[in-house]
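S.K.: Chains as they are written, first to last, in my numbering: chain A, 1 to 53; chain B, 1 to 758.
Heads up, none of these hints are tricks.
List time: in silico BS3-like cross-link candidates among lysine-lysine, alpha-carbon distance up to 27 Å:
#  : chain 1 : residue 1 : chain 2 : residue 2
1  : B       : K650      : B       : K461
2  : B       : K517      : B       : K528
3  : A       : K27       : B       : K456
4  : B       : K650      : B       : K603
5  : B       : K354      : B       : K548
6  : B       : K600      : B       : K478
7  : A       : K43       : B       : K123
8  : B       : K697      : B       : K619
9  : B       : K600      : B       : K650
10 : B       : K461      : A       : K43
11 : A       : K43       : B       : K456
12 : B       : K516      : B       : K548
None of these hints come from the bench; they were simulated from the model.
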Amino acid sequence: MTVLIIMIPMALLLGFGFVVAFIMSMKSGQYDDLDTPAHRMLKEDSNGRTHHE
Amino acid sequence: MNQLAPQQLPCLHCLALTSAHDQLCCSGCRFIHRGGFSTLRDIVSVDSLYDQEGIRQVYNLSQNPAQPMYRLQIQGLQCSSCVHILEDLPLFLNSVITARVNFANGELLIETSQDHSLGLILKYLDSMGYPAQLLKENELADAQNTQEDRALLARLAVAGACAGNIMLFSVAIYGGLIGETAFTFNGISLLLFLPVLLYCAQPFYRGAWNALRLGYLTVDVPLVAALWLSFSASLFNWWRGSGNVYFDSTAGFVFFILLSRWFLRTSQRRWGHSGFSKQILKDSIFEIERIGEQKNVLASQILEGDVTLVGYHQRIPVDGLLMSQRAVLDTSWMTGESVPRALDANMAVHAGDKVLSDSVLFRATSNVQNSQLAQSLRRVEATSLSSSTRMSLFDKSAQWLLLAVFICSGLILLLGPWIFGLSWDDAFERCIGLLVVACPCAIAFGGPLAYGISLKRALEKGIVIRSADVLDRVLECKNIVFDKTGTLTLGQFELVRQTPASIPDWMKEIILELEKKSHHPVADAFRKSWQSTSRIELTDVTETPGKKVFGLYKGRLYSVQTHTSENSSLCVAFLQDEEILATFEFEDTLREEVPSLLAKLEKSFTLNILSGDRTARVKNLLPHLGVSFAEAHGDLSPQDKSRWIRNNPKSLMLGDGINDVEALSQAHVGILVQGPLAKGLNFGSAYFMQPGLESIKDLLNIARKNRRIVHHNLFFALVYNITAGVAAVSGWIDPLMAAALMPLSSLLILVSTLRVSR
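Produce the complete structure using the sequences and hints provided.
M.R.: Below you can see the structure in the form of structure tokens.
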């Protein structure tokens, strides 16, 4: 069971890392607007405009 | 699923439902479907006022002078095409470097090059079909809200991570781990639980404290109690090395509840700004003369005594005295009067009046802050803030349920040892078991979620709702009260009667030619009814705004002038020399959907009309509506309206003008049918983003469905609580079962609630 002494801190550190990453992305404003990206991703590349013309 | 209203068809491009005549839902779709906008060459006149340094400074949000940044409020956002087209703005306009849309708030953020022309950008957006308004820094609604959103999201993330990790260590214990390692594992769980207890749960502490201070019980109170009781019990049991440890399930319910609250919070749209009426008038620019010096200023910079020029179709920003010889003003916002008023020099004009004659000079006698309009809005805001803490049906029912659970667990703890012969230890254990298992999750989680989903659905239908409890209150209303001008009617005139019944073409030609340059609503109504076929030339055409217009043709004098009619509708006469050849009567156009809508509403509500317009005009309208009204009043002042509302407490009111707002803010449910206006105001219960009244039907449907789901959830919570509660009290629930039951109940609530969105 001694392996737990390494594995548990590793698991916790990994989890902690993800929380930090999430909070960083949140601070950069990634989750402030959750509606527009859903529309944005439907857009063709901007040169795809010619397709319609 | 809802049936399509007959006039709603899928948009030819994006399939969103639309009632537009060309079956394209928005300008973006129109562009892509037809492949072409007006180009820059088509834009002839640009409002250069926006390009003066002083005014640019007011709106520029960027610190970097090389890259100015502006935030615009955009009207007419409908679907993805709008986002695409607006974010492609840099392709159309070289001076725009980036453009980002915030769909939910209806905002566009642009960065521009230094040599940009704001006037051109605004004009271009307008020609694309997206009228835009610049926002100032202090009007950015959500700087603080964004902070709060983010804080809640951070708590949610930490709670999720901790709950997940605690789960990992608990599984081993459920699997039968004992002894030293179990002690260590539970110790790690305890460490992971501390952030949940001390950081993530803070909103509950604040809510519970506020509730206790004001002397009522909300979900927060038992939540906090359960949280701390289960924490202390777990701590105690962990330390002595026997008994149950509840870190996993407690962290789990904190996470679930935070999740549902975050969802409800993001479903509620930002409503108005603190402060008042900013967007209504302050944003426009006016030409003024101050102590012999001419300059352009924002409405908010106008001072008492400034001579101010207001152009055609602009709204007068402050109260004042008219200096032009004559002016025609649409005063329907302030008074509800549908027929425009003609004023002579030195008469008083009021903030909010719209100019219908060419342009008008007046001397300001107030500034934006102390005009009558501002004062009445401030009064309304003061009353609406005080009445904004109402509890939703869910909160109320939850209260009783929670109180019951609370009392039960208290009784077990106190009476268990004596009556049932339990050991103190056992009694405490069962009391905690009841609180943790039976108490808060199903209720605290299901409520916000159901309301959140309903609010989101309402938003998809173009209904912005102030707070969740409006959904309950809509269903408590017995009366529906309509304003007339602008609500039941469009506030635009149409030709309804003429004598003689058929007008020869030559007369039409002359009338159209006479009215060619006029902005009076009568001129618009003539143009709408008749198509000009040939061109004739009149000489010496002269207009006295609001009174008459005359001109010469083949040596004879022709004129169109106001005429009296017996039923006080708007009436004009056509004269050749001094002889009347024809008379025309105009009435405010009824909204197309109104008669069928009223027929439906009549079944479940008592209908009333409260109008500031003349009583005779209200009476004229009644036969066209096709339903009977309990009461229909005209000639009401804003105070009369609010008095009526106070006397009829369960009323839902629909209105559009400033003269309605006092009554709207006091109504059980007050709805503004003019979204762009409502967005800047901080009162009322809801507003419609789409023109017209159809949305009231959607609102009622959504509210009814919401109530059904909430009832189901409450019923389920009750059954679950009783079953699990009895099990906990009798000591049948072991930790593994508790751990399984918690998420299972949440899952069931989730499934039951998600039916709202179908």
